[in-house]
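Assemble chains B and C onto chain A, guided by the hints.
Chains as they are written, first to last, in the numbering used here: chain A, 1 to 330; chain B, 1 to 565; chain C, 1 to 334.
Hint data in this document are derived by calculation from the structure and do not stem from the laboratory.
All of these numbers come straight from a predicted model, not from anything done at the bench.
25 Å max Cα-Cα, derived DMTMM-like pairs, lysine to aspartate or glutamate:
| # | chain 1 | residue 1 | chain 2 | residue 2 |
| --- | --- | --- | --- | --- |
| 1 | B | K399 | A | D85 |
| 2 | B | K165 | C | E50 |
| 3 | B | K307 | C | D169 |
| 4 | B | K399 | A | E88 |
| 5 | C | K70 | B | E214 |
| 6 | B | K424 | A | E286 |
The lines below spell out each chain.
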Amino acid sequence: MSISGRTGFARVVVCDDRSTRRSSEGSRVSIVEAEAVEVQLEAPSGLWRDAFHLLIRNPGAIVGFVFVGVFVFAAIFAPLIATHDVTEQNLPLIANGCCPGPSGDHWFGVDLLGRDVFSRIVYGARVSLLIGLVSVSIGLAIGLVLGAMAGYVGGIVDSSIMRVMDVMLAVPGLLLAIGIVAALGPGVKEVMIAVGLANVPIFARLVRSSILAQRDADYVVAAKASGIRRPSILFAQILPNAISPVIVTATLAMATAIIDVAGLGFLGIGLQDPDETPEWGSMLTEVNEYLQTAPFLALIPGTAIVISVLGFNLIGDGLREALDPKLRGR
Amino acid sequence: MAADGEAAAERSNKLRGRRGLAAFVAALSTVFVFGTAGAATNVTFIYAGAADPTYLDPAIVSDGESFRIARQIFDTLVQLKPGTTKLQPGLAKSWRVSRNGRIWTFSLRSGVKFHDGTAFNSAAVCANFNRWYNWTGPFQDASASYYWRQIFAGFKRNEATGLSKSLYKSCRGIGRYVARITLNRRSGPFVPSLVLPAFAMQSPTAMAKYGANEGQLASGTFRPTGTYAFSHPTGTGPFKFTSWTVGQRVVLDRNNSYWGKRSAIARIIVRPISNNTARLQALQTGEVNGYDLVAPQDMPTIRNNSKLRLINRPPFNVAYVTINQAKPPMNNVLVRRAVAYGLDRAGVVNSFYAGRATVAHQFMPPAVPGFEPKVTKYSFNPERSKQLLRQAGLSLPVKIDFYWPTNVSRPYMPSPNLNAAAFKASLERSGFDVNLVSEPWRPDYVKHVNEGAGGHLNIIGWTGDYADADNFVGTFFQSNNPQFGLTGKGAHTTIKKLLNQAEATVNTAKRIKLYKQINKLLATYVPGVPYAHSRPGVGVERRVTGYKASPVGTESFYGVTVGGQ
Amino acid sequence: MLRFVVRRLLLLVPILIGLSILVFVWIRALPGSPADSLLGERTTPELVREYNERFGLDDPVYVQYWRYVKTTAQFDFGVSIATHRYVTDEIRERFPATMELALAAMLFATFLGVPLGFVAAKKYGGPVDHASLFASLIGVSIPVFFLAILLKYVFAVRLGWLPSVGRIDVESDVEHPTNFYILDAIITRDWATLRDVIRHLILPAIALGSIPLAIITRITRASVLDVQNEDYVRTARAKGLPPRIVDRRHILRNALLPISTIIGLQVGLLLSGAILTETVFAFPGMGSWLRDAIFNRDYPVLQGGILFLAFVFVIVNLLVDISYAIINPRIRYS
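Only chain A is shown next, with the shape it has when bound in the complex:
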């Protein structure tokens, strides 16, 4: 069996695979492996077609698509959906202390500064989506390059890159992100970099495993034998096959990114000005002291986080099942 992903915060995906296997990579520090998902060695086109059909029939995945759809919709159309200005304070409403709950005027109530919670949630989706996309892309891009280099070139390049990845993986995701943000300072850009960097080793490992597994596959050997040059093999043959686990991982990484960003926001180590830039996690920071009087201030942002993360997790799981033939029939 194998588990995919890092042993970081909130983000481990279990794939129900066969026997426990020792890692084929000698570069690891630990025997116990967080292995990459088994790579599909079929030709690409049949894979996608079958996967699509499986996905549609997966109820969990459908729910996931709905959740993510709502999330993305809110993020994109925030200016149209929001009922109030995010920074507009309605101080008279909280003059008697915090905080009036949901009402006709303010669907989700009003926060400590008299701002409309519904609008902040909607714009918060935008912040989460943006940061999530960018950081996953950063992690993917850098990880892809590093993993491809390590897998295809091998040798010293391989072991040195993987050593660094091991060290990074040894630190739990949230802690790594905290460390990076603490050093870089607060701000949207810095959070993106921090969460992105925390994703790099996962993708690097994944890509490397895929490439290693494929390198000795029959069709690659055949291609080499017929004289096709190495880079061409890499791009034309290996990478397309390696893509599917990457897609799965990227989806799941989105889920983790949203949680990590919320975690940073909650700890108060995230965005520079959480009052101006609404972010779901930071909306939960001061709430601790108001649980008695205004619990909705906590429940609403938290539920938003759960729904969006759940959505990505459901899709990712569905994709994984759909794309991995060994899991079919389970």
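Only chains B and C this time, still in chain A's reference frame:
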């Protein structure tokens, strides 16, 4: 005390063998001893602070929790009348100054003993002053001797660059009960500053015995290496030190040989509870009889509970908006007055201080001598603000940066985010275009604001240490303070001159007049805009009586009783 | 076997050195200096300058590094800027708190997760199975801090069944020689305190253990499913052994192998979860300690605390590897 005796006996029973029996007997005897001392005075008072004290030697600390303990164990030469900022005799019955203003003669109380039996007399006074004056090495660091450095400016042999010639020259005992302290220059703040626990009288014998002057600097912070500051603080106060279990409690017991009336409380237990909600809950469940630093959102809860009472500290702080004149156009006084008109101070005070603050119009609270009720007051007037800006030749809106701190809550500013947001809104109605910038309080915000590296406007504040105007306006304006971008030119020259004069004046009435003049000037010069004096809250059970909350943030529990025990 | 252990132990040294360099570099990368916040509003630029001068913060990097190595090797982590206490003393108090919490979380996750996963596997495809899968998914989708807030709200604030903050009752007067409150209470047979400590542990442990619970459930289920179809199980069934014995002796025991490896992997998860959980419950462990230190720029605490944690982490991984090698002999000879 009976209840404690029972509890002690119960726990003792859990111990095995003879030790258990012995402890049981000891506990019983304790009950008898205190029982026979008079039933009504066997009271335990349990109080929750926000943190542990740092050390028990008040001369080397500057935090409120350490001072809280110190105020029970030690006396100072001069005290504050409980609940006020008026000076009254402490260990010194009276004092006078020589004609040249530099020689202070203190008449000391007789018949006073330290907790270890050492006599309190002029030799003890001089031993204390000379101890501080003669400090070397790590003790000279601000993390150790902050208050000595603040008031007395230097040591016998200065080792750091920031120190100057000491205010203190020498101390001489004339007979056993007269101490004559000679200063190097005239100082108005000298006597008022003596109420600080940092200048409390400590037993020279105990200090010598337990290594009070042994210390080191460990990773940049001062730390004493003797045991005095951890387990042997010895003063003359109404309570003496019994034990300190770090992170759990400090236990003080009544000093039965106190020079004043015996306290009604027999034992004080101070517990550190850092979480605001937990402190409140401890009061609600009766686990503590009182606690300090009530969070603003908990105040209605206490007020609405019939078994509890919210006690106000008289305001002794000021929250203000600094105006950095090093950033144009703030160097133009018309612009600064426009800011004063453009801030809706009344709105902020009414909305975010739970009804426990008043609008501030000057840089010191009313309780401090030198407060001038008749300063120029700027009420919120957007039109006037815009007018002034135009008069200054600026095109509206005027773009400025407004800095505010995150991750912090101060007694004078419980919710900086709310203040900043509200100020931005009111300034934008007054012809400004405000860019809010937030930084974490530690380390960036404080550092930047103090260096003048923040915005055109910044919010910050100050809680007084002792009841003297010099501690407020002197601290802010006597130097070319980068916080305000002061350069010593223009009106600031006059202000500085007056501040120096006031500091060097010893006659109280004259000083008051000078400070009033200074406050009037400040209100037209507008180096910043003070906006709130807040009343921090202390929560107690209703059966606690005699609690007089001091403006300076910590008080002695000397007159307190807990009914129903 | 011995060779294996020795080899891994030797690897520790370069790892520790690398970690110490990493921590050192990271601390230096943090903006600001400890002096900036020493005295709050009372800090002045002159005081900061004096501080930097006095503590050689202006010294060249290699000098500072050498000083750091020297003091750390003597286990002198310095003094916390916030509390003025020795960092080692604070570690001695805080670490057992987090350890207790982490162990409680793992116990919760394991003793709930394994049976759940087992039952889910046995009733494969049924509603229980789907429910457990769904619950697992929810478990990894809820942020730990939100779950903590929810639990606190429902069980502490609303229902009042459990305490909402802290590790022990504020009134408690008990001594804690080892700082493992549960251990201390058991040693002194102080059942009232034991009950109190456990009550304070329940909610944080559930919050912290939610993700390990999800993972363990899922892995147990998968593992049992795998093992169920193995030949030796079929043989055992064919032999006529009663199902319960088959379950216990063959299935469970073999299925537990991969599960135990997972448990070791959870340490990282628990660490990051601890920061969040302890903050919500004001639990005085390493998590809340480090979080405060980051806010307060308490450099000595950050330096000592992080290095210590990294060390613990490496040791735990080592132990997990060794135990896995013991359980699975095939690994040793790789």
